[in-house]
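Each protein sequence line maps, in turn, to chains S and V.
Heads up, the first sequence is in the UniProt record's numbering, so the first residue is 1 and it goes up one at a time.
Heads up, the second sequence is in the UniProt record's numbering, so the first residue is 1 and it goes up one at a time.
Bear in mind the hints are in silico, worked out from the structure with no lab data behind them.
Using N, Cα and C, we set each Cβ at its ideal position, and we do this for glycine too.
It is possible that part of the hints are untrue.
When the alpha-carbon atoms are kept at most 20 Å apart in a straight line, the in silico SDA-like pairs for lysine to any residue are as follows [stated by the list, open to error]: (1) K325/S with A249/S; (2) K325/S with H37/V; (3) K89/V with Y485/S; (4) K441/S with H37/V; (5) K441/S with T483/S.
Residues on chain S that point at chain V, a partial pick, calculated with CB under 8 Å [claimed, not checked]: (6) G40; (7) A41; (8) T182; (9) H246; (10) L326; (11) Y438.
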Amino acid sequence: MLQLKTIDTDVLVIGSGAAGLSAAAYAAQQQKNVLVLDKGAVGRSGSSVGAVQIAGLGDWSHEDDGIDSYLNDINESGRGLSDPELTQTLAEEIDVSLNHLIEWGLKLDKNENKEVAVSHTSGHSLPRSISAKKGKTGLGILHALRRKATKDENIHTWSDVITLELVKSSERVVGAIVFDLTDNHLYFIQSKATILATGGAGQLYPTTSNPVQSTSDGFSLGLGAGATLVDMEQVQFYPVSMVAPHSIAGFCISFYHYSKLYNNLGERFMEKYAPNTLEDATRDKLSIAIATEIAEGRGTENGGLLLDAQEEIEQVKKEFPHEHKLCRDRGVDLNTGRAEIGPAAHFMMGGVKINKEAESEVPGLFVAGETSGGLHGGNRLGNNALSECIVFGARAGLNGAKLAEEADVPQVDPSVLEKTEAQFKQILSSAEGEYRPYELKERIQSILGVHAGVLRNNDGLLKAQNKLEEVQKQFNQVKITNTAYYSREVLDYIEAGHMIRTAQAIVGSAAARKESRGAHYNTDYPEQESSLQHTLVNFSDNQINIRTAPVKGGL
Amino acid sequence: MKLHVKIQRTDDQTDQFEVDYGPDMTVLNVLEEIYRHHDSSIAYRYSCRTGLCTTCMMLINGKPDLSCQKTAEPGEDGYLTLSPLPKGKTIKDLVKEY
Ligand SMILES: Cc1cc2nc3c(=O)[nH]c(=O)nc-3n(C[C@H](O)[C@H](O)[C@H](O)COP(=O)(O)OP(=O)(O)OC[C@H]3O[C@@H](n4cnc5c(N)ncnc54)[C@H](O)[C@@H]3O)c2cc1C
Ligand code: FES
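Bound conformation, chain S alone:
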């Protein structure tokens, strides 16, 4: 007998970062009943919290800037893999989305002349990055959206509830099975439209800038529902992030252009890799240089390189007080010493394939923000992630509401729900196994860190595939010692399940791309091929399937 309770909503939004909360705001404006859920605290648990700036267009734009030049920069940066339909939508709609946020209470930072402060970001041909809350822009956007959600009676939020899987009926997504950590119950949320906005995948790697919740759930949920993932090998690494001490490993350093980087021989190695730009190189180039130095044995004991900012320390303190203070509090005094840095997993450019309406290929399922793929191609331009969240969050919300207006949702076969419920109950009684869920997570992280990081090669990717298969088997011997409510072990277990599936998608895609392009650098194929291909991932019969397909309209 089915014990899980059913909850009905017009629009279900999974994830409450900038993308999810934007989607909720727009859907609710269409008078639809919206349920936003998050496995952490709503509006406080995603990568959106840490974002510093947002790129875009507005009446504050540089006089030479406009849709065409923005579009040009994005397409160029994408290394041929960006979907033109998506880039066009971003460039055309960003000003409107930003204005809505401002209407809802976002206050942009101003310069000395009381004008909107616009700054330059590497890769953009013109200055077009703006901020709020003195560089805590993500927080500023989340505050505005949270306020909107609290005021709007159509929006209901639910913290501490994690999505196990999406549910389908008649080839259409009709909701999700979720687990409420606070009462230890499973629920079936039946929805007319479902929006996935679960953020990124940084936690698949041992060192990441991402919050603890970025365990790649949305990619795995999308796959499980029959959606296609595109270009999953394109993982952006933030080149200069802290390696030690452990307590701040992964913390991004923004002021590397004010710093000098050295290897353990005392060489300023960027003179070799990029004599013109030195440390002020693009993220992909800098990551490859740093990873090469470390791989060739010129790193520190902790596997990092050394950053020295002493010459420009006053500027650093002025522009990046939060970063300077946080390093000092953790015992790294940049005034007199050096920091140990290295690349950290930062952003997933690949993701669930969507069209410009934020629709996936599966009816009823919309995807927005970092979980979606195709916009950034092989290299995301700095500060375009938040822009993506608000533009495609809006699209997903509006289109989700429209579908909810028309949709007649097919009934779900109760046996589908019963099966999940039974499997889940069985897991909860696995106290005798061998591996704690956090250990499974660590194994996945270590495999990807070694074999699918900044530098990849054929042999390593093959090894990674085999090792991930071993870990997959170890799931059968999982040991869950605590099944009381709010169990971190149960949470870790569910997340580990999403992680293994996404890890296989990343490694498989990396193996299928037989060239180096964008963030994917394979030392066995160091060059870019002339023909442009996407890697595509699907999941059926419990099996990950990878293929490549020529880029539409590509060279």
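With chain S held as given, fit chain V with the ligands onto it using these hints.
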């Protein structure tokens, strides 16, 4: 090195742990250590680890602070003492409701 930790789990239950510890550990690192090696049922909340989200806030040696930013140190009584913030509903151990 060992650190003596007291965690208030309910109004009338406080548990003690003796945790391996190094000088660069934050309170959050200590909690991770307890979850992994001492008591898998310990409940605490965090997200960004960089002092921005504030979800890791708790009383640390009696004062509200961010567990991801605060260095783990014993208070005057020789214990690192952790308890949930007094305001609002506590879900479990150190976790507040949002
Ligand atoms: C430190 C840092 C700095 C950055 N700086 C910038 C910047 O300056 N400019 C910029 O444009 N971009 C920046 N980025 C990237 C950008 O912040 C993110 O790509 C973007 O905010 C992602 O937003 P999102 O809404 O897609 O997901 P998120 O904000 O990550 O939110 C996803 C939410 O989904 C929830 N969730 C996940 N899985 C589940 C599940 N199974 N069930 C229920 N809930 C779930 C999570 O708990 C989380 O709250 C930065 C990223 C980091 C980590
Ligand atoms: S974990 Fe975000 S402030 Fe501590």
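For each hint, the structure was consulted:
1. A distance of roughly 15 Å separates the Cα atoms of K325/S and A249/S; the hinted pair therefore holds under the 20 Å criterion.
2. Annotation: proposed proximity of K325/S to H37/V is violated, straight-line Cα distance about 31 Å (limit 20 Å).
3. Straight-line distance between C-alpha atoms of K89/V and Y485/S comes to about 15 Å, which keeps the hinted pair within the 20 Å bound.
4. Our distance criterion of 20 Å between C-alpha atoms is met by K441/S and H37/V, whose separation comes to about 16 Å.
5. Between K441/S and T483/S, the direct Cα distance comes to roughly 18 Å. Compliance with the 20 Å bound is thereby established for this hinted pair.
6. For G40/S, the suggested interface contact is upheld, since its CB lies about 6 Å from the closest CB of chain V, less than 8 Å.
7. Annotation: A41/S was flagged as interfacial toward chain V, and the flag holds, the nearest CB pair being 4 Å apart, inside 8 Å.
8. The interface hint given for T182/S is met, as the beta carbon of that residue sits about 5 Å from the closest beta carbon of chain V, less than 8 Å.
9. Interface restraint check: H246/S against chain V, minimum CB-CB distance 7 Å, threshold 8 Å, status holds.
10. With 8 Å as the threshold, the beta carbon of L326/S comes within range of chain V, its nearest partner Cβ sitting at about 6 Å, so the hint holds.
11. Hint status for Y438/S: holds, given a least beta-carbon distance of 6 Å to chain V, under 8 Å.
In summary, the structure is inconsistent with hint 2 from the numbered list given earlier, while agreeing with all the others.
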